[in-house]
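Number of protein chains: 4
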Amino acid sequence: MSYATEKLSEEKVFKDPVHRYVHVRDRVIWDLIGTREFQRLRRIRQLGTTYLTFHGAEHSRLNHSLGVYEIVRRIIDDGFDGRPDWYPENRLLCLCAALLHDLGHGPFSHSFEKVFHLDHEDFTQAIILGETEVNAVLRNVHKDFPKHVAEVIAKTYKNKLVVSLISSQIDADRMDYLLRDAYFTGVSYGNFDMERIMRVMRPREDQVVIKSSGMHAVEDYIMSRYQMYWQVYFHPVTRSAEVILTKILHRAKQLYEENYTFKHDPIHFYSLFEDKLALEDYIKLDEAVIMFYFQAWEEEEDSILSDLCRRFMNRNLFKYVEFNPNKQMMDLMELMGLFKKAGLDPEYYLVVDSSSDLPYDFYRPGEEEERLPIHLLMPNGDIRELSRQSEIVEAISGKRRTDHKLYFPQDILEDQTTKRTIKKKIREILGI
Amino acid sequence: MSYATEKLSEEKVFKDPVHRYVHVRDRVIWDLIGTREFQRLRRIRQLGTTYLTFHGAEHSRLNHSLGVYEIVRRIIDDGFDGRPDWYPENRLLCLCAALLHDLGHGPFSHSFEKVFHLDHEDFTQAIILGETEVNAVLRNVHKDFPKHVAEVIAKTYKNKLVVSLISSQIDADRMDYLLRDAYFTGVSYGNFDMERIMRVMRPREDQVVIKSSGMHAVEDYIMSRYQMYWQVYFHPVTRSAEVILTKILHRAKQLYEENYTFKHDPIHFYSLFEDKLALEDYIKLDEAVIMFYFQAWEEEEDSILSDLCRRFMNRNLFKYVEFNPNKQMMDLMELMGLFKKAGLDPEYYLVVDSSSDLPYDFYRPGEEEERLPIHLLMPNGDIRELSRQSEIVEAISGKRRTDHKLYFPQDILEDQTTKRTIKKKIREILGI
Amino acid sequence: MSYATEKLSEEKVFKDPVHRYVHVRDRVIWDLIGTREFQRLRRIRQLGTTYLTFHGAEHSRLNHSLGVYEIVRRIIDDGFDGRPDWYPENRLLCLCAALLHDLGHGPFSHSFEKVFHLDHEDFTQAIILGETEVNAVLRNVHKDFPKHVAEVIAKTYKNKLVVSLISSQIDADRMDYLLRDAYFTGVSYGNFDMERIMRVMRPREDQVVIKSSGMHAVEDYIMSRYQMYWQVYFHPVTRSAEVILTKILHRAKQLYEENYTFKHDPIHFYSLFEDKLALEDYIKLDEAVIMFYFQAWEEEEDSILSDLCRRFMNRNLFKYVEFNPNKQMMDLMELMGLFKKAGLDPEYYLVVDSSSDLPYDFYRPGEEEERLPIHLLMPNGDIRELSRQSEIVEAISGKRRTDHKLYFPQDILEDQTTKRTIKKKIREILGI
Amino acid sequence: MSYATEKLSEEKVFKDPVHRYVHVRDRVIWDLIGTREFQRLRRIRQLGTTYLTFHGAEHSRLNHSLGVYEIVRRIIDDGFDGRPDWYPENRLLCLCAALLHDLGHGPFSHSFEKVFHLDHEDFTQAIILGETEVNAVLRNVHKDFPKHVAEVIAKTYKNKLVVSLISSQIDADRMDYLLRDAYFTGVSYGNFDMERIMRVMRPREDQVVIKSSGMHAVEDYIMSRYQMYWQVYFHPVTRSAEVILTKILHRAKQLYEENYTFKHDPIHFYSLFEDKLALEDYIKLDEAVIMFYFQAWEEEEDSILSDLCRRFMNRNLFKYVEFNPNKQMMDLMELMGLFKKAGLDPEYYLVVDSSSDLPYDFYRPGEEEERLPIHLLMPNGDIRELSRQSEIVEAISGKRRTDHKLYFPQDILEDQTTKRTIKKKIREILGI
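Residue numbers (this note's numbering), protein chains in the order written: chain A, 1 to 432; chain B, 1 to 432; chain C, 1 to 432; chain D, 1 to 432.
With the rest of the complex left out, here is chain A:
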């Protein structure tokens, strides 16, 4: 028996609050889970700073990765197996890509990527293709196997059906994170009938399609996603924490560049600050390391860095008001001036944050599409794009919604011991 088809002598199960159990029979999957790069995902939270808003959201990316694997496994083993257009030799490839699709995520990915111009997808590729334990396991299947897994995750793999299982507008990734994030935050919005959707998924040559009898379940899934974005992922308090986190990283980099002497030397950040981050350094950068430095930096002499770190660690976040960039740019300019006068560097203490989401989109020729649209399989065998069949989806299709907020340290602005007149003026403009 080859390594690719080797089964464990006894099935292993992980107790999972969302899927009840995650089942593993394949030796390859078991070995991947045991790698140091995969175990590292335990030290990266799935939802970044969200735990500061929803205290239950402390779940890790390992948690989610196992869930995506289990969904793909069930779609294939319980649904696709034996159907036309499905080639069993793609099974292991799909399972590995599902398990490893988030492997390159770093700590608080969103903020890190913005500040240091990183892309977690590059690191996923690097880990799969580099000198890692993960690569060793995959190479053991076949010398080209790491490349294939990397291509599926990069959406460049030739078999688009395989790609669409992991990355489309109704893929295993989205289904798992909606259910999982709903579970751990405790909000009910993310729930939809995944079991029903899995039952109506059918393999086609170039994509997964959905039997039209399951259209309502898909509508419900899309609405769940919409709600989770605005209720959880873009929650203004979460974004406040993210703003502060981003500014901490900015400040530390700036200080480093200015040859500031840190009390606690940020050796883990050197290569990052110098734009020459090696894979091995990246892998060591987990959230424990970040939190270690933030705690240490609470005691730095630089008052901006220490203030921001204390705010983050002790959840003393910025407050916010709505901000309309079309109407209020003059106000913002004026506020920046006033902040400087009040002794507050506006680069760090007056921050506009924008969130934007497209609940669903059909395919627009010539445009860059992030994820594939959803196609229905009609009773007569025709394929129809979802928004042409569902009035609800049509109504929201392609409509981007954007929200801007202006963040600032309300506690300082209300502190009456210094700069009372300027602060009063600031508060008037902010309307607080």
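Calculated from the structure, these hints are not laboratory results.
Keep in mind the model is a prediction, meaning the values are calculated, not measured.
Please note: incorrect hints may appear among the correct ones.
Copies of the same chain look alike in the list, so a pair counts if it works inside one copy or between any two.
[To be verified] Below, computed lysine-lysine pairings styled on DSSO-like, alpha-carbon distance capped at 30 Å:
(1) Lys-263 to Lys-253
(2) Lys-263 to Lys-284
(3) Lys-15 to Lys-143
(4) Lys-423 to Lys-160
(5) Lys-114 to Lys-425
(6) Lys-319 to Lys-284
(7) Lys-284 to Lys-253
(8) Lys-399 to Lys-263
(9) Lys-211 to Lys-327
(10) Lys-424 to Lys-12
(11) Lys-15 to Lys-327
(12) Lys-341 to Lys-114
(13) Lys-15 to Lys-319
(14) Lys-211 to Lys-405
(15) Lys-327 to Lys-399
(16) Lys-405 to Lys-12
(17) Lys-399 to Lys-211
(18) Lys-340 to Lys-276
(19) Lys-147 to Lys-211
(20) Lys-341 to Lys-319
(21) Lys-423 to Lys-155
(22) Lys-276 to Lys-405
(23) Lys-211 to Lys-12
Assemble chains B, C and D onto chain A, guided by the hints.
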């Protein structure tokens, strides 16, 4: 209006997966939640190493502390308020004690306390009574208030009804952790009808009693607790991780005492290793700091320390067999010798771990009792101890169950490159 | 103490799967629940023939009525109490109207009302105002109290805030039935965060309004309602059972009018068939009585009546095809002719059924509105109609969706023993 | 392809609140579900009079029967298939026995069986073996197939593994009803981890065994069963309704035997009253028919019959006190005399009801055993009876718990218009 009775202008709510919402109206509670010592509980996991067995169990002690507060708030506001034997002036005291009861927990408390002879209860007292933000808030209520809160948590407060809400065999602490740990691990065993139990709780002068009509709900609660102990808290894989963690701490301390030169200097551990841990040092010791060091120590030259740290970080845990201390001590002695011959220090690589629990106990005069027994309020007004009324509880009452396991690194013992004969002998004795 | 304010010596609770517990403290409510007219609702299913599609949907209207009462009670006691614009003297009125709002429902209301031109709302009024146990309880509060309760349910009561709690586009009635029907059918579509909605409801002089911070929860509720309509309430199999039920009633009435001699004399139906239904007769008409007759009529000589009854009792329902009235009227005409030739009376065996729903509507001046629109309370105190604020709701607002299906007995059409050629022709037109 | 192995062209699913979906692929199962005898189970409630205590408990036996079928299907298809000791040719037999095991249940079985000395198991046999639609379907598989199905249900079938799936102390029947009754009543006590138990079930030649690693899940299941018995099945209010129901049947039979002239002739009861109930008559006796008569009898001249029927229909039940037969027989005798003096026939108005349950029992040689004990499969392959391994189960094993209550019409005893002195005396003895 005094600070003690001050209400927030608008109620604050936290979304909680277990209780749906945690409600805060009292200014004092809101201020306590905002302290740095309370926020630190976000960086201490509720279940220590359990997340290595049940990947969902990544929830923090802050999470649990808010839950205990909410349960006590609901018992008082929805149940006790207006009843005889209940004095409304105790309300704030109960809420504060509930919120703060776990304040002194350190990282991986169980292991730390064992290795360094610490007691988290001492630190809870120290934080409440010392120079802390928490103390400042409490002192603002009344100069004696910190002392009273500390006494309630220490179970020495004069009003035993107040104490029993927080510490008895059916207190808010236990009710929250059973439900919460069941939720985050995903096991169903911890569920019981808390709403029913809260409805039948009645205040009496010296304790909370349970209306006898709710006896079955209490039986179910006790069985849930029993199941959670053996299915979750004493799970052999969790204990394996704990064994390794304990041995890492032992080894680091030993190396420090032997003046070993660490590549990464363990400055956060100095006072701990020297048995002169200051409160301020303790507060900084969160799980992020521990994980930071463990990752750093993966690269230490000492092979025991680096091996154990790699095992912990990458979840390459020890395996186990059942161990019967009455019959197998000779085997253990022999194994210790063989381990040494195989180049494995038995102090670190051959570990007996024992777990023991008493599902329920009545009061035994003259014995030290950990928690108060449960009393039923009969229809005629009499009070009866639970095990005299419930056959199920009587059957398990006072029966301690103990389990011993022997842990070892199976991967090394199966590695055939060195010491093959000795390892074979070891494996034979272990029966693996 | 007056009867209106009398409390039970001890609170009574009903275990409810949807709201956990239903709490009763008011003597008036307790007495109303004990009346024969209210207890009769145990023998009327909440969802008519739906149990033939979703086998769990066997829950009664009593079930739902208690739920609506509990929601209104919680909105008032936990939310409105003490707020401006809320007058505590309306509390009991609201609770009674909530509990009794469905009192006049008969067996399989939908079908009965259509065939016999009845209106359950008339009977609700009649029971509340007539010589009934319910009326006696209400009169005991105050001589005008029955009239007020009846007016609230009829939406003619002067205080529109009170009316809107029971009848608006986001009232306690709808919230309960969505959650309850989702629970008993087992579909997940009906779930939404009622707790959140209750927390953001505010009383205004003429209606309940929703704080705009809760807008997303309301969007989710509207989508849930939409899904429940098309996934459950308008399920084609349920409508098939309803078609057959309606035709049974038609046939029995026709036979009665033709002086047919029933083997089992339908004495319970006399006054109904003769259009002189007295209240006392109506109250006796529960679903047990209907099922009794349907079973008896399985043995009637009239082959249409006995066939339809056997179909209903044994769930041997009609099959269906989509029907487009704009294109297929000629086909329908032809089918009617062919059915006659095949010996099948098209009045009973070829039935078009139409379902139609408006997911949400704003107020249209001059048009008859069924239920009040939803208004948001903005942070600045303004009131805005929901669809002007929510893009999702705007997208679906006022858009009526209608669905037509054509029902027929496929088993007979496929039976090859008689009329083979005609049946073949019929099947071709139907496309089956 | 033979009828026994014929699959539906497309899998049918039933939405089930407990198991999410019930899946049907086998033509035989689909045809059985469509029979009139199986559909009749829609008109028999699973929990008899329990809906008068827990208003959600309106679910039918059809509901439960589908659930038992689904559990057995999953145990076989997901667990047993391909294992030693499992013969695939038993699959259809097991599925049919699971689906049909409750086929003979009549309306309010418990009460009917007691009053008329019936046994629903006899009727199950009669329906399977008699001239019924069910028999026709089964005979179509094989001429001996009805007999085999009947034997499995009667526990006389030669293959004891097959029998134990349907009838043991941890069979599919019990697992379904605990989960289902918990769901519909809304109590949480019935929950246990069925998925876990199904995963650890293994086929052995003569029984299903449970891998010892699943022992705690089984303990939890046994405790759930214990709780459901005392919290739900033996709920004193449910038993009150049952007492009244029993007495209605007694009274009607007595009146019939005394040649009383009923206003509404009980033709459906004739053969029952005369002890010559034919199968066809029995099948017609569903709960709708019973409720029809009870409503009609509310207007009978016999004051006992009409009073009891009104009580049942309008849920005006008897109240109760605890009764100790060892100490209070003299009181009961005295009460009987006083009831007569007060004009209340004690045969109908003073009723002792006893409930008794054995939570778990091991096999006792020579005694009649109702259900097989549970056996664990140890890691070394040995089989051990559960109570020898589990301390919790040992503690409650073989301990029968019995409860006696005395029921009476409190409203009449408190009515002061007649017999005041005697009633006062009665109330004193009853302690009410």
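Here's how the hints hold up against the structure:
1. Lys-263 to Lys-253: Intra 15 Å, inter 25 Å, cutoff 30 Å: intra and inter.
2. Lys-263 to Lys-284: Close inside one copy (21 Å) and across copies (16 Å); limit 30 Å.
3. Lys-15 to Lys-143: Result: close neither inside a copy nor across copies, 33 Å intra and 46 Å inter.
4. Lys-423 to Lys-160: Intra 58 Å, inter 45 Å, cutoff 30 Å: neither.
5. Lys-114 to Lys-425: neither (32 Å within a copy, 57 Å between copies)
6. Lys-319 to Lys-284: between (33 Å within a copy, 27 Å between copies)
7. Lys-284 to Lys-253: both (18 Å within a copy, 24 Å between copies)
8. Lys-399 to Lys-263: neither (49 Å within a copy, 55 Å between copies)
9. Lys-211 to Lys-327: Between. Shortest inter-copy distance 25 Å satisfies the 30 Å Cα cut-off; intra-copy 47 Å does not.
10. Lys-424 to Lys-12: For Lys-424 and Lys-12, the Cα distance is within 30 Å only across copies (27 Å; inside one copy 63 Å).
11. Lys-15 to Lys-327: Answer is neither; intra-copy 52 Å and inter-copy 34 Å both fail.
12. Lys-341 to Lys-114: Only inside one copy: Lys-341 and Lys-114 sit 29 Å apart there, 54 Å across copies, limit 30 Å.
13. Lys-15 to Lys-319: between (39 Å within a copy, 19 Å between copies)
14. Lys-211 to Lys-405: between (41 Å within a copy, 20 Å between copies)
15. Lys-327 to Lys-399: within (22 Å within a copy, 33 Å between copies)
16. Lys-405 to Lys-12: between (47 Å within a copy, 21 Å between copies)
17. Lys-399 to Lys-211: Classified as both: same-chain Cα gap 25 Å, cross-chain 25 Å, threshold 30 Å.
18. Lys-340 to Lys-276: Neither way: Lys-340 and Lys-276 sit 34 Å apart in one copy and 45 Å across, limit 30 Å.
19. Lys-147 to Lys-211: neither (32 Å within a copy, 42 Å between copies)
20. Lys-341 to Lys-319: within (20 Å within a copy, 64 Å between copies)
21. Lys-423 to Lys-155: neither (51 Å within a copy, 48 Å between copies)
22. Lys-276 to Lys-405: neither (33 Å within a copy, 48 Å between copies)
23. Lys-211 to Lys-12: between (32 Å within a copy, 15 Å between copies)
Of the hints listed earlier, those the structure fails to meet are numbers 3, 4, 5, 8, 11, 18, 19, 21, 22, in rising order.
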